[in-house]
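*Asks:* As they're listed, the protein sequences go chains A and B. Numbering-wise, numbering that gives the first Met the number 0 puts 303 at position 304 of the first sequence, and it's gapless, one number per residue. Numbering-wise, numbering that gives the first Met the number 0 puts 115 at position 116 of the second sequence, and it's gapless, one number per residue.
Hints listed in this document are in silico derivations from the structure and should not be mistaken for laboratory results. Fair warning: this is a prediction, and the values are worked out from it, not measured in the lab.
Taking lysine-lysine and the DSSO-like style, the derived pairs with C-alpha atoms no more than 27 Å apart in a straight line are:
#1 B/Lys110 - A/Lys311
#2 A/Lys85 - A/Lys222
#3 B/Lys133 - A/Lys314
#4 B/Lys110 - B/Lys128
#5 B/Lys100 - B/Lys133
#6 B/Lys133 - A/Lys138
#7 A/Lys311 - A/Lys297
#8 B/Lys14 - B/Lys100
#9 A/Lys314 - B/Lys110
#10 A/Lys311 - A/Lys222
#11 B/Lys100 - A/Lys314
#12 B/Lys100 - B/Lys110
#13 A/Lys138 - B/Lys128
#14 B/Lys133 - A/Lys311
#15 B/Lys100 - B/Lys128
#16 B/Lys133 - B/Lys110
#17 A/Lys297 - A/Lys222
#18 A/Lys314 - B/Lys128
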Amino acid sequence: MAMDGGAAAVLREAHRLTGHTDPRVVPRVEPFPRRLAPAPSSPPAAATRPSGSGSCAADGAWQCSDVLEDTHNRTVRSCAWSPDGKLLATASFDSTTAIWEYSGGDFECVATLEGHENEVKSVSWSASGSLLATCSRDKSVWIWEMQPGNEYECVSVQQGHTQDVKMVQWHPILDVLVSVSYDNSIRVWADDGDDEWHCVQTLTEANNCGHSSTVWALSFNQKGDRMVTCSDDHTLKIWDTSADLSQPKTSDNQESWRHLSTLTGYHNRTIFSAHWSSEDIIASGAGDDAICLFAEDKSSMVEGPSYRLILKKEKAHDMDINCVRWCPQDPRMLASASDDGTVKLWELRGNALD
Amino acid sequence: MVVGLINANPVVYEKKERRSRQAPETTDENAAEAIDQLEIFDILSLDIKDPEHPYSLEELNVVTEDSVEINDELSHVRVTFTPTVEHCSMATVIGLCLRVKLMRSLPPRYKVDIRVAPGSHATETAVNKQLNDKERVAAALENPNLLDIVEECLSPTFA
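If we strip away everything but chain A, and leave its shape as in the complex, we get (with noise of 0.2 Å):
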């Protein structure tokens, strides 16, 4: 690929963070400034800090910081920081979320949601941090709103995906929730105003020029006007979601999310996992062992908006890659997490938006 001067992009792995013992973890990262909480599939999750108070990218070594045990008997599948970063909310495969509140150096367990019939997948919060959405096997999502005193109420149960949901994710600025399934669908649900929530959207093969297999996972630009999602059909996806469907609809032919470009031909196994740095680089991690990096090629805007590979980073890890995630303090610093039992950190370097 073509750099202009200077030092093409390269990953450079930066720290290997090797503290899940159990062979049939699944660890998956939710950096948080200075804090990285890998999900592993055995019940306890850990998060990991780097010693002392450098930033992300200071060479000094991380260490296991916290175990969070005996509150899950199933395996951890995911987990997330609020937008304040003082908690963390916990997906098991034992049907319930948890949430941590850290405090005084540790974090204590100070609320279980529970309602799901089976596997909870996904847990996100929304920006505001008021509102937290699950998503299970039991193709439902759920929709929650913190209450003073550590409590949660179910504000709505969503029965749209004909199949599990994959993963739920918020907009990064409006109330309005996104959910991908194995159903091969994405769906965008919003509230009307009278706190009565609805599918607005949805995107599907047949016709928004959608994914044909299952959709794992989605993240959105820092704005929220572009998403990227993935899938088992060995693609990338990029939307255009710049229409507000948080306001509710007013005529038949109000602007929608649509589709605008498709990443293809970059791995040869399922996408797990992508996410868009605050510097519009995306990150793709598969069960190809690869993690690839895109960059919206400004170059071509004639025919609207393309993307361009970046770098292809063979062999990232052993085995299948199930999440990659930047650093939201380091838009250089991307994490990944694999069923090798490791999680790396990476270090972007070079001209990588030549």
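Here the structure of chain A is known, so what remains is to put chain B in place on it, guided by the hints.
*Replies:* Just chain B now, with coordinates in the frame of chain A:
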């Protein structure tokens, strides 16, 4: 609860003669030994019992040597099995047994795809999708009842 067998009278085939494996040409003891098709077929056929019958999957022609495709260089294995009847509700259990057996036998670098033979099952696409969704497989293996069935099929003591 008494449940009728899905396939009460399966056709049982004779075990085929094993072709002998070629002796490795290299004498370098440190060379990584490539895993071949026959080796994987042996793993799958000899030790896995049908969930319904006291026969191995080989004896029921559910797996044959041709079921196994391997690309050792790319660390990729694909197993194509043929359920004994088209509407066999045991297909996902058989597929799960094949997957677990390979997970336990092969080095972790291998990527394994399991599928039913094209045209051999009424809900082929759904079965294949389920067998290759690793999250579904992981959840299934945390289900004690299902795990018991799988363990019984993989128990080498049946005769």
